[in-house]
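Here are the chains, one letter per residue:
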Amino acid sequence: MFKSKLGTVGLGVVIGLVLVLVIWQVFTQDYTYQGSLIDPPVPAADFDLTDQHGQTFRLSDQHGKVVLIFFGYTHCPDVCPVTLSEFKQIKSKLGNQVDDISFVFITVDPERDTLEKLGDHLANFDAGFIGLSGDRSSLEEVWMSFGVYQAKQETGSAAGYLVDHTARVYAIDVDGNWRLTYPFGMESDKLFQGVRHLIQEG
Amino acid sequence: MNGKYKLRPYLIRLGIVLAVSVLIVFAFNEISYRIQKDEHDRAPETVSLVIPEGTAASIENDEDVPTIPSEMVFVLGDVLEVENQDNVSHQLGPIWVPPNSTASLVMERANKFAYSCSFQTSRYLNLDVRQPTTVGTRFTGLALAAPTLTTLVFLYSLLVFPVDKVKKQ
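Heads up: the sequence lines are chains W and F, in that order. Everything in the first sequence is counted per our numbering, starting at -11 for the first residue and increasing by one. Everything in the second sequence is counted per our numbering, starting at 33 for the first residue and increasing by one.
No lab work stands behind these hints: they were computed from the structure. Given the structure is predicted, the values throughout are model-derived calculations rather than measurements. Glycine included, each C-beta is placed from N, C-alpha and C at the ideal position. Warning: the hint list may mix true and false statements.
To be verified - Beta-carbon label-pair distances, calculated as ranges: (1) W:147 with F:85: 40 to 46 Å; (2) W:51 with F:73: 46 to 52 Å; (3) F:141 with W:80: 44 to 50 Å; (4) F:183 with W:12: 30 to 36 Å; (5) W:145 with F:163: 40 to 46 Å; (6) W:173 with F:73: 26 to 32 Å; (7) F:169 with W:123: 44 to 50 Å; (8) F:141 with W:65: 23 to 29 Å; (9) F:76 with W:42: 37 to 43 Å; (10) W:41 with F:163: 48 to 54 Å.
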């Protein structure tokens, strides 16, 4: 009788220990970032551009915040609106962490994307998004440092030319490092999870 | 006679046929696996690629970079790690690597990809991501083939050696 009780207690203890170990494993597993991870992180190239309100935006001023950067243009028919919609989804999911992140849209079409147009366009998605432009030579420096390709494509349509451009999203961590890039088409939930982890790491 | 006892010889034969079928299928599976197994049929690992200094200049001059292959084969779950020793950023499809840094990407989908690549003279690099043959794959093969073989052999055995005949002998 005593032996059988002892056996039951022993079995319970073993099952309990196994459960604790499993739970411990699940919660202490390293998070694996989706997208392309830059490891070790390297300092992002700093830049000064002008936002839609006419204020100077300096990347290094964003230290302490995660920065998501996308290069696009307001006349873009496909990739840019999709990415901005994803930014909007991510922002809505972040809850009270929203103050720890900046969503930045840098134009690849400075001739047509005036500050006013940038502001109006971004307001269609979220007025809190930051739209940046500048003169072509300043922008070219930024494009080059971020490895951004852009080329005008004449279409002959009344809507004007299109711009072929790099469509990846760059995630800069709270220390101002290039940390992750996400290709176009990556599920917004994966972006959201990555961003949340970057904020939590900070 | 009780129905339970009538069924008994059939069940015994079915059990024997099942055991033999599992053994045969397992042997065939393993032999085919060993014969067809190639070097890429392995557990996921980290595959490194180094972009040497001066690559962008070589590409600009239409010179090949001998250390970089034009096609790479991966298995699902591999991590492609690209180390950029050049002084400009480089890209390979979804991977962007700033100068003098390393970026990595987990291969999550089995497919053949032709990625735009800034460190190839052709501007493209082919990546072949394959589904590795795991223990699970082999078990699935066994689970699908063994019942089929069992059914066929069992029915065949009933035709050739009917249970009643065997009992009389």
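Hints, verified against the model:
Restraint check, residue 147 of chain W to residue 85 of chain F: a C-beta distance of roughly 44 Å satisfies the suggested window 40 to 46 Å. Range check, residue 51 of chain W to residue 73 of chain F: about 47 Å between beta-carbon atoms, so the 46 to 52 Å window is met. At about 28 Å, the CB distance of residue 141 of chain F to residue 80 of chain W disagrees with the hint of 44 to 50 Å. About 46 Å separates the C-beta atoms of residue 183 of chain F and residue 12 of chain W, a value inconsistent with the hinted range of 30 to 36 Å.
For residue 145 of chain W and residue 163 of chain F, the Cβ-Cβ distance of about 43 Å falls inside the hinted range of 40 to 46 Å, so the restraint holds. For the hinted restraint 26 to 32 Å between residue 173 of chain W and residue 73 of chain F, the CB-CB distance of approximately 29 Å keeps it satisfied. Checking the proposed 44 to 50 Å range against residue 169 of chain F and residue 123 of chain W shows it is violated: the Cβ atoms sit about 58 Å from each other. Distance hint check: the CB atoms of residue 141 of chain F and residue 65 of chain W are about 27 Å apart, consistent with the given range 23 to 29 Å.
The hint said 37 to 43 Å for the Cβ distance between residue 76 of chain F and residue 42 of chain W, and at roughly 51 Å that hint is violated. For residue 41 of chain W and residue 163 of chain F, the Cβ-Cβ distance of about 51 Å falls inside the hinted range of 48 to 54 Å, so the restraint holds.
Checked against the numbered hints above, the structure violates hints 3, 4, 7 and 9; every other hint is satisfied.
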